[in-house]
Amino acid sequence: MSINEPISTIMTRDIITVDVSDTIRDVFNVFEQIKIRHIPVLADSTLVGIISLTDINGVKQCAKFKDSSGSDSLLDVMTVKQLMKANPVTVPVSHTIKQAADIFLQGHFHALPVTDSNELVGIVTTTDLIKYMVKKEG
Numbered sequence: 009m010s011i012n013e014p015i016s017t018i019m020t021r022d023i024i025t026v027d028v029s030d031t032i033r034d035v036f037n038v039f040e041q042i043k044i045r046h047i048p049v050l051a052d053s054t055l056v057g058i059i060s061l062t063d064i065n066g067v068k069q070c071a072k073f074k075d076s077s078g079s080d081s082l083l084d085v086m087t088v089k090q091l092m093k094a095n096p097v098t099v100p101v102s103h104t105i106k107q108a109a110d111i112f113l114q115g116h117f118h119a120l121p122v123t124d125s126n127e128l129v130g131i132v133t134t135t136d137l138i139k140y141m142v143k144k145e146g
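Each residue of the sequence shown is one higher than the one before, counting from 9 in my numbering.
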């Protein structure tokens with residue numbers, strides 16, 4: 009194992025995606041069911057953003073603060089497009105694990121969509137990197 013291996017070595021290939029028009033409640037339910045923390049956002053099969061569980065939890069807290077009943081009904085009317093981080097940083101599938109790690113160190117995010125000729129083919133997270141390093145040392 010080497011950090012000069014391609015990112016495809018550690019990326020998740022079976023990607024869960026959501027559409028820009030999905031409600032935040034729908035996406036929250038996906039996060040709850042699948043136990044992931046980042047989901048690429050598509051519009052007409054094109055990557056346009058990324059949304060995280062942290063983003064949604066922030067909205068949930070704000071909604072509960074504004075509504076004294078503790079309701080989070082804002083999740084039913086707000087769409088992914090309104091909350092996602094548009095134009096996410098991506099990495100080409102040809103990048104190495106080290107190159108992806110360097111990008112994580114420079115940015116303030118924890119997931120990178122992986123592309124091949126501008127098509128989404130995977131996602132790599134800081135957790136994937138940590139698992140790789142632990143496995144490498146073990």
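Be aware that a few hints might be false.
Quick list of the computed label-pair ranges, beta carbon to beta carbon [said to hold, decoys possible]: (1) G66 with Q41: 35 to 43 Å; (2) D27 with E145: 38 to 46 Å; (3) K143 with S53: 32 to 40 Å; (4) I138 with D22: 17 to 25 Å; (5) V97 with V142: 36 to 44 Å.
To be clear, the hints were calculated from the coordinates, so they are not data collected in a lab. Where a beta carbon is used, it is the ideal one built from N, C-alpha and C, also for glycine.
Failing hints, ascending?
-> The structure breaks hints 1, 5; every other hint is satisfied.
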